[in-house]
Amino acid sequence: MRRRFIIHIDIDAFFAAIEELLNPSLKGKPVIVGGLPHERGVASTASYEARRYGVHSGMPLRKAYQLCPHGIFIRGNYQIYQTFSEKFFHLLSQYTPDVEEASLDEAYLDLTRCRPLYFSFSRTAREIKQRVEKELGISVSVGVGSNKILAKLATRRAKPGGLFEIGEGREEEFLKDLGIECLPGIGPKAQVILRMLNIHKIGDLWGLPRPTLRSLFGLSGEELFLQSRGIDSRPLVTASVPKSVSRETTFLQDLWDRRLLLAHLAYLCDRLTLPLRRGRLFAHIIEVKVRYSDFKTEARRRLLVSPVQEMGRIYSIAQELFLGLFSSSRLSLRLVGVKASDLARARPLSLFEPYSERSERLGLAVDQVREKYGFGSLLTVREKMLESLYSFEKKRGFVLKTASLTK
Amino acid sequence: MKFSINKEDILEELQLLQGIVEKRNTLPILANILINVTKEKVEMTGTDLEVGLKSHFPAKIDQTGAVTVSGKKLFEIVKSLAEEKEVTFKENQDSMMEITAGESEFRILCLPKEDYPQVPEPRFEKNIILPLGIVKEMVDRVYYAITQEHRYYLTGALLILKNKSIELVSTDGHRLAYTAKPVDDLKLDEEIRVIVAKKTLSELRKIEDEEVEFDFDQSNLFFRVKNRTLISRIIEGKFPNFEEVIPVGNPQVVVVPREEITNAIRRVSLLSSERSRGIKFFLEKNRIRLFSSNPEIGEARDKLDVKYDGEHVEVGFNAQYLLDFLSVVQTDSIQFELKDENSAVLMRPEGEEDLKFTYVLMPMKI
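Taken in sequence, the protein lines are chains S and Y.
First residue of the first sequence? That's 1 in the working numbering, and the numbers climb one at a time after it.
First residue of the second sequence? That's 1 in the working numbering, and the numbers climb one at a time after it.
Check before you lean on any hint, since a few could be wrong.
[Said to hold, decoys possible] Here are the simulated DSS-like pairs of lysine-lysine, each with C-alpha atoms no more than 27 Å apart in a straight line:
1. Y:72 <-> Y:181
2. S:243 <-> Y:365
3. S:63 <-> S:129
4. Y:365 <-> S:339
5. Y:23 <-> Y:60
6. Y:113 <-> Y:7
Simulated from the structure, these hints should not be mistaken for laboratory data.
Generate the whole structure from the sequences, applying the supplied hints.
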């Protein structure tokens, strides 16, 4: 089989890194995202400073607090991380269409098909790392290898913040001295069994014949046999359709002015259509959410037979839903959000409105202008009304309270 | 109010009525049926405010009067009784209704008859008689293409009565089903066009008889089959201009065996996206290839031989929309008339079918 070229890229301490980005005074401090010390639940990310105290993700918050009482505990905002993650993947998708979203902060790239585009894969890997770090302002670790498992193990070696490449023919040398716990197929139970057999390193595993592994671990023994030799033919799982895309923001102060509320809504719809267009996605459900000044939250949704992607249509549905909620309210609002879900890549054409590519072409043209001159270079009149509330940057648009929306 | 009747003589009426009454419980009384006992007969009414059903029948009447009770419970009770039993219905002083049959006894709560909504009084003056069997067959051909969405004018089918012919059309904006049938006995001075609610069509399908009498006033349609009358609010609004979207002269014509293509579509659609159900058609020289893919599961291909010598066409469809049509056609083969991947395709049964039947389907961009 042709040698493949796989890059694994992982954001270091993702949630903590974003919190530091939003609040630079956290830099260099032990940050623990997931909840406050007395709350139930577990730490979802710990910064490297916090890890020094033994805190790791998945650890109960109380325990983390015992280990690191002066740590900075943050509940976190998933919405922001989500948006950031979309940006991360969009950047990666510029290098190859074969991108697997392993999680919010972890990706595999397969450059094999794009071979003619790149002079040197190693250099490309370095370039990707630099670009992500420069444009997103976060540190990533990158591993390069001839398949997914090797690339992932290389990243493990590179962490934090490095790049490691397993060159052709160096696989055995690399694997030999790694601990068996590095292999994804080996859980705590398997570890106990193997350690009793005096097997501690991946190299030690090579001495076990395939039937022995199979009798010990069944089918996963087979997998272990291949994994331990750095053999992995799994293709990347690409192009999965996301469940939903959403944008929301809280206001600087509670709002009552209907025109300003609609301006926010329009801006959020505009922000929302970007990932839809990029993913060639059409939404069958549009949902609008509001939170009143008494923190009560309400939402309304509409199920559509003809799915939508264009900003104009999404906004007109969102506006109707919003007014349905707002016109019966006696309270001012502290948050508004819009969500597109039940997404599909296909769109049925309408019998009574002849097909035209106009709106799709318009959307693409808007994207191109913004790509070049910044998001704020093209806005609708309604969106422009936000000028009275927020500072405006041509590159990024309005700087709303919820930072995720302004990047 | 008190009357007695054989279980078998009332059960079918109750079944039809409980299909009419409102099931969503917005207004409790809409879940009830009105029972009105006069000296000559028992009359029962059910309605959800859109569609109403009145049915009358003779019974052994002891006392006149009127009550309303839960349609569903009444049906379940009578259904549970032993066969061939005489059932007695009696209103009590304490706004309860007593139902007795042999050793079985029930008491169910009534709501006052004054609260029951007015169901318009049907009237039959125009003397329009339609063959029920044919109407039902036509309803089957168009029923599935009526939209679920609340674009009001579309939540029914357009009924067109002309001198000596009946036509029925439905559309959900992506597809259109049209059927027509010559009826020599139908004599009309002027054409009638009304939108009939989906629920009314569904109720018509349940009724067995040879003919149905039809009439309407400004706001309601009336259908009468013997002792039963359906009253259906006319769906206001303009039915879309369907004649305009039926393509004429699509250049690529191919005849396809119905069963083979149905099975192939069923197979390929197993791996289409669950949401869009999109599959791709490749019409090529002497064959049709089908393809679907779903990034989360995998992909499927199929192929069948046909006689075709026209241009290659590559077009996507919602598999469900194709299957809906194919499952109501009875002929051995189907004629497809296509133009390109952005234009409506026309399908019709090839050869003998009793009815004229045309299906227009918009492609899907995949």
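A quick look at each hint next to the structure:
no.: 1; hint: Y:72 <-> Y:181; result: violated, 37 Å
no.: 2; hint: S:243 <-> Y:365; result: holds, 20 Å
no.: 3; hint: S:63 <-> S:129; result: violated, 34 Å
no.: 4; hint: Y:365 <-> S:339; result: holds, 23 Å
no.: 5; hint: Y:23 <-> Y:60; result: violated, 31 Å
no.: 6; hint: Y:113 <-> Y:7; result: holds, 24 Å
Hint check: violations occur at hints 1, 3 and 5; the rest are consistent with the structure.
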